[in-house]
Amino acid sequence: MLSYIARRIGVSIVILFGSSFLVYNLAAYAGDPLQDLRLSTDDTARQQIIALTRDLQLDVPPPIRYFLWLKGLLGVFVGKVNLGMTREGASVQAELAYAIPVTLRLVLVATITALLFGLALGIISALRQYSRFDYGMTFLAFLLYSLPIFWVAVLLKEFMAIQFNNFLSEPNIPLKWMFIFSVFGGVFWSSLFGGERKRFWSVFTGAFATNFVILWAIDLTDWYLNPGLGPILITLLAIGAAVGITSLSTGLSNAPARSAALTMAGLALVWYYPAQWIFNNFGSYLTIFLMIALIVGTALACAALYSKIDRGPIARTAIITGVVSGLLILIDRIMQSWAAYSETDAVNYRPVPTYGQRKDQLVTGDFWINNMDLIMHLILPTFALILISLAGWIRFTRGALLEVLNQDYIRTARAKGLNERTVITRHAFRNMMLPLSSLFVGEIVGLISGAVITERVFGWQGMGTLGIKAINTYDLNLLMGVNLLLSVLVVLGNLLADLVYSALDPRIRLRK
Amino acid sequence: MNLFGHREKSTGEILAGGESAIANKEVEGLSQGQIVRHRFFRHRAAVIALVVLSSIILFVMTVLDTKIGPLRIPGWWKWTTEDIPALRYKDCPGGTTGCPTLSLKLGSSFGLGTHPFGQDDIGRDYFALVMNGARRSLMIMFVIGSVAGSIGVAVGSIAGFYGKKVDAVLMRLVDFIQTVPVIIIAAVIGKAAGRVGPLFLALFLGILVWTGLARLVRAQFLSLREMEFVDAARVAGASNMRITFKHILPNAIGQIIVAVTLIMAGAILLETALSYLGFGVVAPDVSLGLLISEYQSSFTTRPWLFWWPGFFIISIALCVNFIGDGLRDAFDPHQRRRITKKDRLKAKLLIKAGD
Numbered sequence: 001m002l003s004y005i006a007r008r009i010g011v012s013i014v015i016l017f018g019s020s021f022l023v024y025n026l027a028a029y030a031g032d033p034l035q036d037l038r039l040s041t042d043d044t045a046r047q048q049i050i051a052l053t054r055d056l057q058l059d060v061p062p063p064i065r066y067f068l069w070l071k072g073l074l075g076v077f078v079g080k081v082n083l084g085m086t087r088e089g090a091s092v093q094a095e096l097a098y099a100i101p102v103t104l105r106l107v108l109v110a111t112i113t114a115l116l117f118g119l120a121l122g123i124i125s126a127l128r129q130y131s132r133f134d135y136g137m138t139f140l141a142f143l144l145y146s147l148p149i150f151w152v153a154v155l156l157k158e159f160m161a162i163q164f165n166n167f168l169s170e171p172n173i174p175l176k177w178m179f180i181f182s183v184f185g186g187v188f189w190s191s192l193f194g195g196e197r198k199r200f201w202s203v204f205t206g207a208f209a210t211n212f213v214i215l216w217a218i219d220l221t222d223w224y225l226n227p228g229l230g231p232i233l234i235t236l237l238a239i240g241a242a243v244g245i246t247s248l249s250t251g252l253s254n255a256p257a258r259s260a261a262l263t264m265a266g267l268a269l270v271w272y273y274p275a276q277w278i279f280n281n282f283g284s285y286l287t288i289f290l291m292i293a294l295i296v297g298t299a300l301a302c303a304a305l306y307s308k309i310d311r312g313p314i315a316r317t318a319i320i321t322g323v324v325s326g327l328l329i330l331i332d333r334i335m336q337s338w339a340a341y342s343e344t345d346a347v348n349y350r351p352v353p354t355y356g357q358r359k360d361q362l363v364t365g366d367f368w369i370n371n372m373d374l375i376m377h378l379i380l381p382t383f384a385l386i387l388i389s390l391a392g393w394i395r396f397t398r399g400a401l402l403e404v405l406n407q408d409y410i411r412t413a414r415a416k417g418l419n420e421r422t423v424i425t426r427h428a429f430r431n432m433m434l435p436l437s438s439l440f441v442g443e444i445v446g447l448i449s450g451a452v453i454t455e456r457v458f459g460w461q462g463m464g465t466l467g468i469k470a471i472n473t474y475d476l477n478l479l480m481g482v483n484l485l486l487s488v489l490v491v492l493g494n495l496l497a498d499l500v501y502s503a504l505d506p507r508i509r510l511r512k
Numbered sequence: 001m002n003l004f005g006h007r008e009k010s011t012g013e014i015l016a017g018g019e020s021a022i023a024n025k026e027v028e029g030l031s032q033g034q035i036v037r038h039r040f041f042r043h044r045a046a047v048i049a050l051v052v053l054s055s056i057i058l059f060v061m062t063v064l065d066t067k068i069g070p071l072r073i074p075g076w077w078k079w080t081t082e083d084i085p086a087l088r089y090k091d092c093p094g095g096t097t098g099c100p101t102l103s104l105k106l107g108s109s110f111g112l113g114t115h116p117f118g119q120d121d122i123g124r125d126y127f128a129l130v131m132n133g134a135r136r137s138l139m140i141m142f143v144i145g146s147v148a149g150s151i152g153v154a155v156g157s158i159a160g161f162y163g164k165k166v167d168a169v170l171m172r173l174v175d176f177i178q179t180v181p182v183i184i185i186a187a188v189i190g191k192a193a194g195r196v197g198p199l200f201l202a203l204f205l206g207i208l209v210w211t212g213l214a215r216l217v218r219a220q221f222l223s224l225r226e227m228e229f230v231d232a233a234r235v236a237g238a239s240n241m242r243i244t245f246k247h248i249l250p251n252a253i254g255q256i257i258v259a260v261t262l263i264m265a266g267a268i269l270l271e272t273a274l275s276y277l278g279f280g281v282v283a284p285d286v287s288l289g290l291l292i293s294e295y296q297s298s299f300t301t302r303p304w305l306f307w308w309p310g311f312f313i314i315s316i317a318l319c320v321n322f323i324g325d326g327l328r329d330a331f332d333p334h335q336r337r338r339i340t341k342k343d344r345l346k347a348k349l350l351i352k353a354g355d
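For the record, the sequence lines run as chains A and B. By the count of this note's numbering, the first sequence reaches residue 512 at its end, each step adding exactly one. By the count of this note's numbering, the second sequence reaches residue 355 at its end, each step adding exactly one.
Since the hints were derived computationally from the structure, they do not count as laboratory data. Be careful, since some hints might not be right.
Label pairs and their calculated CB-CB ranges [claimed, not checked]:
1) T80/B to E170/A: 40 to 48 Å
2) I57/B to A6/A: 51 to 59 Å
3) R350/A to I122/B: 29 to 37 Å
4) T62/B to V76/A: 55 to 63 Å
5) L39/A to P284/B: 19 to 27 Å
6) L37/A to L222/B: 52 to 60 Å
7) I57/B to W201/A: 55 to 63 Å
8) P250/B to L37/A: 56 to 64 Å
9) L222/B to R7/A: 16 to 24 Å
Everything numeric in this text was worked out from a predicted model, so none of it was measured. The C-beta atom is built at its ideal place from N, Cα and C for all residues, glycine as well.
If we strip away everything but chain A, and leave its shape as in the complex, we get:
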């Protein structure tokens, strides 16, 4: 195994050397960094040319200059990396160090959300193959595949930001829209549950009515001006989550798991007011982390309390329920800072921004308002990225699950009398995750280079913006910095995908 990894890394280094050499020379011969200065009639232009030539060693021909750059890079072995200077004289490492977390924040949030939704939709789509829902999802996936992200981004800016902000200044949901949203919700839920015509219509009516009542209540109470969930709604949602998670995780017939999950949901109500006090007085990431740890501890104790045997699945159910309930309380707290955030001078009642990653004018020490600002800036670009990558996840999941469901061991599992839940979650789901796990790595790497356009449209100062700036100003060192990072990511991503696959699947052995 170690020798395999070592060999792979060795080959990768040779490949990286070759590709960076190629990109360096292509980029160097593609444009002259001094062009605009040469054409300039400014008196200082000549001095600038001399200064730039000295700083960037432009008098050295590119193939040789590449090795000077490489020498700086090889400093990594003595702990002194030097990727050169940008045209403005800043160090490339500093620029990259600033840009990487920005891009990662965007890509990670988008990938994880897209993965969760894509998995859920893909699985249901495969379980209901050739149903209305399946056809709907297939069409949705193809449509999302065909959308240019920059086009979607402009639409999102217009309808999710500008129009929504306008709507907030005079909040009133017209009856027509309530009706349309409700019909949409009804169709979605009824095709999700499937079944014969009678069931279709009963689910449709139920979902339609529920949707309509919720929208009406939101409109009547002006909920969107001062949102929040409140202890009663949180408890109800937590109980619903407990039932749903238990039925997926262990089955509702497992009494200890059911009681443990319901206890965790009940604790959400008990903890609601103490949690408010803690959040208001000690709002920080450490507090949130400690509270999650507390939830996990409570869940383990709960599992131990309710059963003496087979505690694993019970603990799992209790932990997931507890974390979901805790998240509900956290979401409620974040929502509560909405009004305060909207009222700040920097926001001025237009809470959904179309541009940038932070509001620089926002001066506040409040942990929650700061986070609200982060979240609001994340919403549009993340949504755009999710739309783009969701299609892939739906299709992959559907295909992988259908393939697994055709295997003999699924037939065996059914034949020996296991219930459908066990067959799907234990036999099919786990095997389906094998190919998807290696895809996940590749998807993150792909999205990082794909985020170039998203960053550009939404004005985020990440890697993509840096790369575009480098190309436009013929800033070779900066370009090579971005290029190096992206290609290293691809190489590492491929290696990691293979390793993950072989670690999870005992049938695959890496030998070459």
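Go by the hints and put chain B onto chain A.
Showing chain B alone in chain A's frame:
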């Protein structure tokens, strides 16, 4: 509520014997090509996509003048992208200028009108601009598809057929190309090549995007060359060329075609994205991505400048994707026909008649 699908026995499952009988009857006495064709034409969405895409291509190709060398085939549209007619401001909403005249309302105004998609800032006919852009994008899509397709198939089949050292070297080449970030290198070249023109850009992009296809073809060859029919052909004295083209490639062609359609659908998005960033097709040439990038700020006042190019990008990419899906189903030997309600009814009647 049954969350995991219905396991009530359906008529189709009870009549499993009848099902395979239907499937067998369906392919009786047909050649491979005929089976694939029949299956493809049964995929309704793919057929619709094929019709729509062919009409778009026909429409876009005939609408403007076509220049092939000294030859000039006139198009049927009255404006070209160079004409600058006067800006129309009559009956435009909210004091805007150059609004579209396309009207689908029955009545006297029905039809294309003078400027169906409106006019841009200086009065150029937007219909002509969009058509020109769509033509560029289609051309680039097909060039990328054929370049990437031929390189991918060639590299993949050589690597898979010869194996060993040839395979190792070629696969390292694939790794090499994959480590070069397409968007960065394409942008570098695009910036330099803006003056050279879209054809060069398309050729270059084709050289970058064949890696996935090569891996796929290689995997197919690796498994197919171990098959008995290849041994039989070799024993019969067939040359490597003949084995490759007559025995192995026809068996892999389904997957190859599907992969190429996926590359083409990706290509049109890549080209428009590059043009949007300013590194692809540059003015005075027209491309759909370029049009969107130019007029995205006028979305609130003159939305038609934004909707139409996007509409064409999405329609073309969507059609290509659906055709690929139909081909995948058609070429898949494991794919069985879906049992419809009509089939079940027929089978039931047959059984009753037999009793």
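Each hint tested on the structure:
Hint check: T80/B to E170/A, Cβ distance near 46 Å, so the stated range 40 to 48 Å holds. A hinted range of 51 to 59 Å holds for the C-beta pair I57/B and A6/A, which are about 52 Å apart. The hint said 29 to 37 Å for the Cβ distance between R350/A and I122/B, and at roughly 33 Å that hint holds. Roughly 59 Å separates the CB atoms of T62/B and V76/A, a value that falls within the hinted 55 to 63 Å.
Remark: the range hint 19 to 27 Å for L39/A to P284/B is upheld by a beta-carbon distance near 21 Å. Between L37/A and L222/B the beta carbon distance is about 55 Å. The supplied range of 52 to 60 Å therefore holds. Between I57/B and W201/A, the C-beta spacing of about 43 Å breaks the proposed range 55 to 63 Å. Against the hinted window of 56 to 64 Å, the Cβ-Cβ separation of P250/B and L37/A comes to about 59 Å, which satisfies the hint.
At roughly 21 Å, the beta carbons of L222/B and R7/A sit within the given window of 16 to 24 Å.
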